[in-house]
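**Student:** The chain contents come next:
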Amino acid sequence: MRKITVPIGPQHPLLKEPLSMKLEISGERVLGGTLRLGYVHRGIEKLAQQRTYVQNVHLIERICGICSHVHTTTYCSAVEAILGIEIPPRAQYIRALMCELERIHSHLLWLGILAKHVGLDTIFMHAWHDRELVLDIMESISGGRVSHAANEIGGVRFDLDEENETLIRTNISKLHDQVSGVLDVIENEPALQARTRGVAPISTDLIRQYCMVGPIARASGLDVDLRRDDPWPPYDRLDFNVITHPDGDAWARTIVRAEETRESLHLCEAILRDLPGGDVTVRAPRKVPAGEAVTRSEAPRGEVFYYLRSDGSDQPARLKIRTPTLPALSLLPEQLSAINVADIPVVLAGIDLCIACADR
Amino acid sequence: MEKFKKRFSLLSAIIQAWFDKPETVGYPFLPLVLPEGFRGAIVIDPDKCTGCGLCVRDCPAGGLRLEKKSRDEFKLMHHPASCAYCGQCERSCLRGAISHSNALVAATTDARELVVVLKEKQG
Amino acid sequence: MIEGLFFLLFFPGLAFQVVCGLAFEWLDRKLLARFQRRVGPPWYQPLADLIKLFSKEDLLPKGANHLIAALLPLVSFSAVLTAGLYIPVAGFTPFSFEGDLIVILFLMSVPTLAYYLAGIVSLGVYSVLGGGRSLLQFFSYEVPLLIALSGPAILGQSWSVAGIMEAQTVQGPFVIFQPLGFILAIVGLIGKLKRDPLDIPSAKSEVVGGSLTEITGTKLGLWHLLMKVQAVVGIFLVINLYLGWLKYLPAHLSILVFVIECLIMVVILSVTSAVFARLRIDQLAGLGWKILVPLALLQIGFVILMGV
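In the order they appear, the protein sequences are chains E, Y and W.
Going left to right, the first sequence walks through residues 0 to 359 as numbering that gives the first Met the number 0 numbers them.
Going left to right, the second sequence walks through residues 0 to 122 as numbering that gives the first Met the number 0 numbers them.
Going left to right, the third sequence walks through residues 0 to 307 as numbering that gives the first Met the number 0 numbers them.
Mixed in with the good hints there might be a few duds.
Far from chain Y by the CB rule (all over 12 Å, computed), these chain W residues [stated by the list, open to error]:
1) Leu4
2) Phe9
3) Phe10
4) Leu13
5) Trp25
6) Leu30
7) Phe34
8) Gly39
9) Gly98
10) Ser157
11) Leu192
12) Ser269
13) Val274
Stretch by stretch, here's where chain W covers chain Y in the computed footprint (C-beta under 8 Å, at least three residues) [claimed, not checked]:
14) 7-14
15) 21-33
Below, simulated DMTMM-like cross-link-like pairs (lysine to aspartate or glutamate); rule was C-alpha separation at most 25 Å, straight line [as the list claims (entries may be wrong)]:
16) Lys29(W) x Glu22(Y)
17) Lys203(W) x Asp248(E)
18) Lys118(Y) x Glu66(Y)
19) Lys289(W) x Glu27(E)
Hint data in this document are derived by calculation from the structure and do not stem from the laboratory.
Each residue gets a CB set at the ideal place from its N, CA and C atoms; glycine is no exception.
I would like the entire structure built from these sequences, with the hints used as guidance.
**Tutor:** Below, the structure is given as structure tokens:
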């Protein structure tokens, strides 16, 4: 059969963010493809060197629209590590709460996108409706749906009052019902299983070779989770399960993310239950003494890595960010070979790409 | 029976959704309800502002501008289109003069709305 | 002559089919929206979409054949409208002859072939992919659909829709004797209309817009319009073949029953598109040939035994 080259991206209904792929297709079979990146490169690492530490919090927040909070958390803890200050326990808990809310919101968003790509628009709408509950919490406690501006160097900006806590509790209990409803559906929907089972499996070896992290690694049976392996407080005091699945295909990734959503809901409840009292912020100086720090956090998509070097001024000398999407992107050409055309959306959705994170 | 029920859970979900009220907000025909702490338009309390410029220094987006000749003669301006609505000015201000209201700032076609003079003091 | 023109242009021809098509589409979109917790479009939205498309610029890629690209939707539109003329509406049959069922089924296949050709002549990669998919899908659903639809014809001992309806007034609606055939006919109809979950040829996340990716403006409007009318014709056909027992009811009552049956069909189609995921093309072929065809043959065997 004649080979044709099909461009997917930079603009394509399949992609929410720009990414360019050129796929060789013969009939309904994808033979292989090439990848081009860099469409949302904004030079954030360089920009960060030209701004003060305070301004950078807001710059870092805009790396990604979905996992914005975990980026600022990691950045702020890097700065705090060099400054040698410890933030109050209440602030730690609130940071963790926001991280977990963000994970729920990211996974529900992802589930909707997967469902949309396989033609289940109803689950897409229902999952995004449930996601609104999380966004409502975030908006009412921090003032922004996506850019929460929750962190500052030395703590968090807002405190939770009674009203906030009631809202979070009611919405979380609603979400428990909704999420188990959605889980029931995806676990029992034969067409969804037919579309995702056995699609683009990744072996544990390949995961190790490409340094994959997060839900993709866990779906291939690799038991990694920074929240447990290298916890910052309060995760070392919280009890939760790390979800893994042995299969490594798109279906396993679905189940892992769905179960993680449920686990995060439990974590949110635990955080609210254990929330200590006290201040939420300590004073941090504007100038940071010379030094360097490495901090890592478990973002919804895996490990986020920050390296920060300071030179004693009020601007960072170097800020290096490594996001979880990068290894996933390097595996993408391999995953996009020897599959059906109809599997392209499932493969792409299964990886849960965040191009804005990877390009910066 | 339980399995049967689970098999048709999506069907029961859509039937449930049929009887529920639609969740979509009829914006812009209906009012938009924003929470109290929403970071919207920048407002200032002119009595408290001394024109110190701390907010301008910390603004990450370059959304604030201060033209200052002396302590008694300055002009503080806000550019809503450049503003990132991050709330840093509110945190930086020592006197609590500048803050966010929860009014949504809409896009505009009127060039005059691109600069808002927050405080103008003439000597 | 004037009566003939009235039939052609107003009822049951062009105007009636188009109005029904718009109404069904609105109902379908509204139902789907409510299933998904949305508000849904206002009643004039399908019409407004159509007017928008008709007023847009008509573009084709360089080197594409403009004449054929313009003829394809026109030919398929006329084929669908002609098919609509032979289908009784609420028992009203202006043109009917022995064998019109075969003519209708043949005319209903024209848009699918034209859809494939539209993909080929408009010279886009996605169009070619979508066109190829539409043919593959055609081969998967058409055979079980035809076998299933021959069930009522055998039971009614007539190859005209009106004849089959007449037989049902004596024997009762055929859906009672052929529930399997009814389900298969609906599945086939969904495939024919390229509706979710069988929207494989035009799956947005896989092949962008399918065959019609490069088609714009009036031509695209015409394509959308003819698919709406095709839905009307298909729904009427299935109702007449399986639920067409209202020939001897009083006129106003038969119209009421017919409208209710149409609404039920639209609800069935909406619910199916809301609860099922899109299949892969190889899965659809497997479903068509391994499951639907044997089921259809089973139904036919049952019907023949009943006839004996």
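**Student:** Are there hints from earlier that the structure breaks, and if so, what are their numbers?
**Tutor:** Per hint list: 6, 7, 8, 12 and 13 violated.
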